[in-house]
Amino acid sequence: MKTTAIVVASAGTILTGFLAYALYFDYKRHSDAEFRRNLKRDNRRLARAVREESAAHGAQQIAEIKQAVQDAKEEGFPTDPDDKEKFFMGQIAKGEQLAADGSSNFDAALAFYKALKVYPQPKDLIAIYDTTVPKDVLEILAEMVGQDTSLQLGSFTGGSTAGSSSGGADHHGVE
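So in the UniProt record's numbering, the last spot in the sequence shown is 175, and the numbers never skip.
If you're looking for bench data, these hints aren't it; they were derived computationally from the structure. Note that beta-carbon positions come from the ideal geometry of N, C-alpha and C, so glycine has one too. Be careful, since some hints might not be right.
Below 25 Å or equal to it, Euclidean Cα-Cα: the simulated BS3-like pairs (lysine-lysine) are [as the list claims (entries may be wrong)]:
1. Lys84 with Lys73
2. Lys94 with Lys135
3. Lys66 with Lys135
4. Lys28 with Lys40
5. Lys66 with Lys84
6. Lys135 with Lys123
7. Lys84 with Lys94
8. Lys86 with Lys73
9. Lys86 with Lys123
10. Lys123 with Lys94
11. Lys66 with Lys94
12. Lys94 with Lys73
13. Lys84 with Lys123
14. Lys73 with Lys123
Restraint-style ranges between C-beta atoms, simulated for each label pair [claimed, not checked]:
15. Leu39 with Glu75: 49 to 59 Å
16. Thr149 with Met89: 19 to 29 Å
17. Pro78 with Ile128: 13 to 23 Å
18. Gln97 with Thr16: 48 to 58 Å
19. Asp101 with Arg44: 32 to 42 Å
Go ahead and model the full structure; you've got the sequences and the hints to work with.
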């Protein structure tokens with residue numbers, strides 16, 4: 001037999017086997033109540049496992065964020081205006097680079113957070129971040145800002161400011 005005939009026969013056999021299994025599966029699904037229950041049970045187990053894994057990952061990320069904010073505070077921030085400006089520009093450049101290549105959203109958010117800590121009007125900088133920083137990075141940054149009680153942002157952290165009738169509900173995308 002020629003090679004092409006063998007390949008065609010093999011492909012036909014595999015396709016026939018797959019089609020037979022699909023028909024068998026469909027028949028079992030329609031006619032066997034126990035089979036349907038098992039399928040539903042397996043789907044529920046899978047959904048529960050995915051939910052639990054997602055919750056565990058979220059809790060782990062929050063713990064990492066708390067630790068990163070604490071470490072950044074312990075490292076300290078420059079106090080001299082010239083040093084603050086250099087530090088700010090360096091952290092912004094680092095954050096933009098990391099956010100652009102998408103390699104580490106967490107590190108990008110940490111760089112933006114450090115820049116925010118030395119900026120004179122952090123509320124204004126958050127408004128800029130809201131329009132320029134990718135959403136994934138912004139969400140991590142918002143969690144970092146939420147962990148830092150020493151950062152004075154006015155209505156962004158829920159504190160009321162003079163003239164704010166909303167009582168701190170004006171978040172502009174940062175929660």
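Taking the hints in turn, this is what the structure says about them:
At roughly 15 Å between alpha-carbon atoms, lysine 84 and lysine 73 fall within 25 Å of each other, so this suggested pair holds. Distance check on the hinted pair: lysine 94 and lysine 135 sit about 17 Å apart at the alpha-carbon level, within 25 Å; holds. Of the supplied pair hints, the one linking lysine 66 and lysine 135 holds, its CA atoms being roughly 20 Å apart against a limit of 25 Å. Between lysine 28 and lysine 40 the alpha-carbon distance is near 14 Å, which keeps this suggested pair within the 25 Å criterion.
With a C-alpha separation of about 23 Å, the suggested pair lysine 66 and lysine 84 falls inside the 25 Å cut-off, and the hint holds. For a cut-off of 25 Å, the pair hint linking lysine 135 to lysine 123 stands: about 18 Å separates their Cα positions. Between lysine 84 and lysine 94 the CA atoms are separated by roughly 15 Å; this keeps the pair inside 25 Å, and the hint holds. Restraint check for lysine 86 and lysine 73: the C-alpha separation of about 18 Å stays at or below 25 Å, so the hint holds.
At most 25 Å may separate the alpha-carbon atoms for a hinted pair to count; lysine 86 and lysine 123 meet this at roughly 20 Å. Proposed proximity of lysine 123 and lysine 94 is supported: the alpha carbons are some 21 Å apart, at most 25 Å. Under the criterion of a C-alpha separation no larger than 25 Å, the hint pairing lysine 66 with lysine 94 is consistent with the structure, at around 21 Å. Annotation: proposed proximity of lysine 94 to lysine 73 holds, straight-line Cα distance about 18 Å (limit 25 Å).
Between lysine 84 and lysine 123 the CA atoms are separated by roughly 17 Å; this keeps the pair inside 25 Å, and the hint holds. Proposed proximity of lysine 73 and lysine 123 is supported: the alpha carbons are some 19 Å apart, at most 25 Å. For the pair leucine 39 and glutamate 75, the supplied restraint of 49 to 59 Å holds, since their beta-carbon distance comes to about 53 Å. At about 26 Å, the beta-carbon gap between threonine 149 and methionine 89 stays in the expected band of 19 to 29 Å.
Between proline 78 and isoleucine 128, the C-beta spacing of about 21 Å keeps the proposed range 13 to 23 Å intact. Judged by the Cβ atoms, the range 48 to 58 Å given for glutamine 97 and threonine 16 holds: they are separated by roughly 55 Å. At about 39 Å, the CB distance of aspartate 101 to arginine 44 agrees with the hint of 32 to 42 Å.
Of the numbered hints stated above, none is contradicted by the structure.
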